[in-house]
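Enquirer: If you want the building blocks of each chain, they are given just below.
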Amino acid sequence: MATIAGALALSHGSFMISQPEMAAADAREAAFGALELARQRLLAMKPDALVVIGTDHFNTFFVDAMPSICVGVNDRYRGWADNIPMYEIGGSAQASRQLLAALDDSDVSSKEDMRLDHSFFGPLHFLTPDMAIPIIPIFQNCIAEPMRSLRDVYRFGQRLRSAVEAVEVWDRVVVIGSGGLSHWIGGPEHSRVSDQFDERFLAAFESGELAEFTEMESGRLELLAGNGGHEIRNWLAVRGCVPDLDVDVLCYRPITDWLVGFAVTVLEGAHGVAA
Amino acid sequence: MSAVEVMRCIRDGMQSAEVAEYLRRRDATAIGGRYELSGEETAALLLPDLQGLIDCGVHPFSLVQLSRVMRFDLKDAWAAARSGASAGAGPAGG
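Line by line, the protein sequences are chains V and W.
Sequential numbering from 1 applies to the first sequence in the numbering used here.
Sequential numbering from 1001 applies to the second sequence in the numbering used here.
There could be a bad hint or two in this list.
[As the list claims (entries may be wrong)] Examples of chain W residues lying across from chain V (beta carbon under 8 Å, computed):
(1) V1004
(2) R1011
(3) H1059
Hints were generated in silico from the structure; no laboratory data involved.
Backbone N, C-alpha and C define an ideal beta-carbon position, used for all residues, glycine too.
Model the full assembly from the supplied sequences, consistent with the hints where possible.
Expert: Take a look at the structure:
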């Protein structure tokens, strides 16, 4: 039976990797410093595996067949080289099946050949650049309505905890949520971010008092945080999974040149001890 | 406009070198032979008319993909659209 050794929730963005110089030097330094610290904190958790909750940007999934949540079931996952290098990483189909069986949720799909875009490989590029730690990838639809309500997403995170603990293949698992925070992408407000929303969300994420966000309608979330802001679903799933862990906000910067309200957080037991 | 068909064409451009080339060449004949788009839809896609595409239901994320395939800077393109100019070729961005 696995133990959740800790968690992280952090932003992703392909320009951080492909064209980091787009951002001002001080923002870059703060962001990369936080990511390096997160990498060290992750290593200190001694994970055997990672459960990574990410999304997709019409690479793997399209509007013609868009699952709400989909778990990858494979021993190996490939990327898309979508404005980042082409990556591959190990998994465990057996572990994925154990997790799915424990979830026992007919609204959760599974996919064998589930390629992963920069929402997965972006954070992994920084956190585990040698791609040596196997993962279970969990896609969550954060791009096209209908999306799960924020309340349901948090509840999914709560159920995910026991599902991760039911995995027998590994001992120590770290849960990672990727995405957000606020960003407007592609449309007329392309590159806008809202530090007001982000700081409010981070405070709630830290305290665990998330009712303002779990009760928020999807349309209102988009109004306040942009179409990219729907990715806070992955943060909410992490917090639902580990409500007992302390949140350490390593960095927050609104980096419009990277098209993201950039944040990195680490979640661990008191005094940095793994749960 | 069939927004989904426009989005499908753009997505194919990300994954097919052939479709990417059609879009970069602004080859309306090739696009028309492969996708069920009207003349107006094809024109909006190939210009590209960003606001027109958004107004007809094309997902904003598809415009990010379009900017990558057709190799233009999306921020610059929106600025140009607001000033009445058209998106040109330029560094891909996004």
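Enquirer: It remains to establish, for every hint, whether it holds in the given structure.
Expert: Hints and how they fare:
| no. | hint | verdict |
| --- | --- | --- |
| 1 | V1004 | holds, 6 Å |
| 2 | R1011 | holds, 5 Å |
| 3 | H1059 | holds, 7 Å |
The structure meets every hint from the earlier list without exception.
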